[in-house]
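Top to bottom, those sequences are chains A and B.
At position 335 of the first sequence the residue is numbered 330 (the numbering used here), and the sequence of numbers has no breaks.
Converting from the second sequence to the numbering used here requires adding 14 to each position, the first position being numbered 1.
Note that these hints are calculated values from the structure, not bench results.
Be aware that one or more of the hints could be misleading.
As the list claims (entries may be wrong) - Below 27 angstroms or equal to it, Euclidean Cα-Cα: the simulated DSS-like pairs (lysine-lysine) are:
hint	chain 1	residue 1	chain 2	residue 2
1	A	K122	A	K111
2	A	K85	B	K60
3	B	K106	B	K60
4	A	K17	B	K60
Keep in mind it's a predicted model, so treat the numbers as computed, not measured.
In case you want the letters, here they are:
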Amino acid sequence: MSDRKLQENGLAELQQRLVLLKIGVLVVIGLLALRLWQLQVRDGPYYRELSQNNRTRSILLHPARGLIFDRDGKLLANNVPSFNLYVELKDVNDREVLIQKLVKYLDIDESELSKKFRARGTLTRVKLKGGLTLREAALIESHRLDLPGVVVHPEFQRNNPQGPYAAHVIGYVGEVSEQQLSQEYFQGLHPGSIVGQYGVERMYDQLLRGQAGRKLIEVDALGHEKRTISVEKPQAGHDLYLTLDFDLQQLAENLLGEEAGAIIALDPKTGDTLAIASRPSFDPNALSRGLSSKEWQNILQDKRHPLTNRAIQGLYPPGSTFKIIMAAAALETNEVNLSETIQCRGRFRFGRRTFRDWKASGHGTVNLHKALTQSCDVYFYKMGHRLGIDAIATYASLFGLGKKTGIDLPSEQRGIVPSTEWKQQARGEPWYPGETISVAIGQGYVTVTPIQMAQVIATIGNNGVAHRPRLVRGVRRRNTGEVETWPMAKAVPLGLNPVFVEAIQRALASVVSEGTARRANSPLVTIAGKTGTSQVVALRADKRKDTPKQFRDHAWFLSYAPFDNPQIAVAVLAEHAGHGGSAAAPLARELIEAFIKKNGDKTRLGQKRERPIL
Amino acid sequence: MTRSRRFDGVDWGLLGVILSLLAIGIVTIYSVTSNGQGGTFPIFVKQAVWIGVGALAFVIIASMDYHKLARLSYILYGLGLLLLVIVMFSGKSSRGAQRWIALGPVAFQPSEFIKIPLLLMLATYYATQTRSGWLYRVIVPGLLALPGFFLILKQPDLGSSLSFLAIYITLLLAVGVKSKAFGLVLLSALMMFPFAWGGLWGSLHDYQKERIISFVDPAYDPGGKGYQGLQSRIAVGSGEFLGKGLYGGTQTQFKFLPEGHTDFIFAVFAEEWGFLGAVVLIMLFLILFLLGLDIASKAKDMLGALLAVGVVGMMAFNMVVNIGMTVGLAPIVGIPLPLLSYGGSATIMTMAALGLLLSVKRRRMTLIQ
């Protein structure tokens, strides 16, 4: 076979094979077409959805919280613009690398930062840092191509223009916690929402928080915004008008100064809370901005417990201020009348025990008026003995002790009104009659909060008619601009005999004019009140002077003024400050005088005011 | 015969298909790169320049007698190997691979251009080699191709080395190796595989290993290694039946799809034009290949036929693997889509190869005259 022949044979053979090659090409391309049909037609909608998810991000738009004003319209809480740093976790490939980069630009701890990266639940957009400085924001923005998924978002930051004043009342805000999200009160909120965590912010969060909006944006592969698809605007929260008189509040806090304690001022005729101070305090702005875990630890471990609102959470023996209730109880139950006298020789024997009077020499012949004026212990030991613990408990409860006053602040304490039943339940022991004698002068098992005692004195000043203390007197609806004035709490007459109430009132006036609280005597206005000195530990009278501070007595003073038409009731509790007459009474006087100077002595004006808000 | 001789044997259908594919490529590249990238010299303009150079190569080679080229094939192949060695020692690196030789302002890839000398050489070898038997049919040409194959693999350029291999296998199939011999090649390759695998796997770069892993299990890390494949499938699939329209491809425009103007150009096209457009595109390729095989079957001699088959085989392999990796049927090995993907070397080489195809056709016509 020649080469040529072979070639031709080969060519012929090749041409036959080409048919097979053509079929092969057809089959392979047919397979590709089939695969395309599968991807684009059969599974097309699925991939279309994937591509949508790829490029759309839903961003929560936080609403502006409602404003908070005091009763004169002074701004107590507003919102200021703030740059907040977020990261879209979906867009982050390498967290470690990103954290390393961010640490360079931000004033933040590396461990603090990596903690934030741990996604919670379905949240994919996580706030890394709030309140960036301009420098930080600029650094982040100029490196944004290098920081996939990182977004600086201008938002509102809660702000208390009055600084640290009224911190316990207004409270602070923070991101809703996972635990809170499962509570009914926070239903419908998204993770990352800002809610009230304390004080009025927490109590009226539903009014203040507003309605979050949503922005749907289109992003590129680096997670940077390219286009807005849709915006559902957030709705601002409603504004609150407090009953608080900020001038008074500020004064009350300044009067306490650095000392621990609480001062409450109520309007006895309405229950309006004019001031409610607690010291030591905290900076609500710092808490709203968000603390690092170290700062949190510092606050939580502070032995002075600045986060405790002593006015509603501090539990103290009422001391001699309890004698007001004792007097009412003894008179109402006819265990004593106004003219009956007893002999006080400075001591009271009960069984084998001897109970001393604060005045070792005794008060001599004492009726109810004098017993209150001089705060005679022996008189009330006797009354306690006559009444028995359960009658005392009945009247203490009638005045609101042992239960929450219902002031509109969260986490109020109840205190303890001891009774035979209480002792059996709480201690599993019977009540010993000797214990009644201690309770009669506000010691022993009985504990109260300052707000409870403020309500007691307000009720006496208001002729035996109680009002639930309140902090909010109105709300302005943001959507309609309409102002709702909330009616004052319902008046609750305690059903006391007016003659007895008047007798107690006169005695309380004498306390200030000639009794234990002469230092509360004011040339400006007639003040009535009752001192109290509650023992922290039982010590012999002569040893009390040089005791370390934490064992010293708490000083109480309850008061109202003007005497014949009360406009203000003030309760002062100064922890470990000593005698009520010397340590607490002057503070109340100053506060009352400031109130009278500001509002005038409205003694002659008669019943008035449900003042409009605006 | 009133037509000018110069256009004798010109296949207007073939030219039409080629021009259509080139045009689709330019428009798609424009769509991918129009916003943002490009600088002073937009990428689609660059590609147009490459097409111009390719057209020149196409015309020159088409007007030449392929026999003359065949005579130069061994020298050309030797030159190609030399360039590959130069690349190995002083080539330009980019993204971990050393593939380019800088030539003034442009850089070219010898690994692309050497495919034509290889095809010429192997076709010449088979056309002149009359002895049968697997030694002469399989081993000797295999040994001829081997240095080129390894030099390219070493760069590393897995895609090019595979298409290098594809040329060899196409010709092997075309010359009809006795099934016994062919079976032996496959068998020994299979037996060699486990031994070769260790060395081969070790010589692969990390990104190549990752690509192979991600082909086996694409969902194992959607943010990382399987990312390209997944985003590519999302792009293709989300085009649905009619597509999202020109510039409407969100996968492309928002840069979820990497390499949209080069290796993943088909995904861009399929996202914009949907199933309908994608099928039209692969039909254009099908027509091109069938026309090419038709030229092969009507070639006047063995050399012409083998050259035509080789050109079609090389292009078909590139096209199938490229689209295959775009739609998740093949591992992502970095093979451009012929005539569409951006890239000077590949475009010029492909058009030169098509020039060879036309040259084969024109010789047949002269023979009939």
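> In ascending order, which of the hints set out earlier in this document are inconsistent with the structure?
Replying inline: Structure breaks hints 2 and 4.
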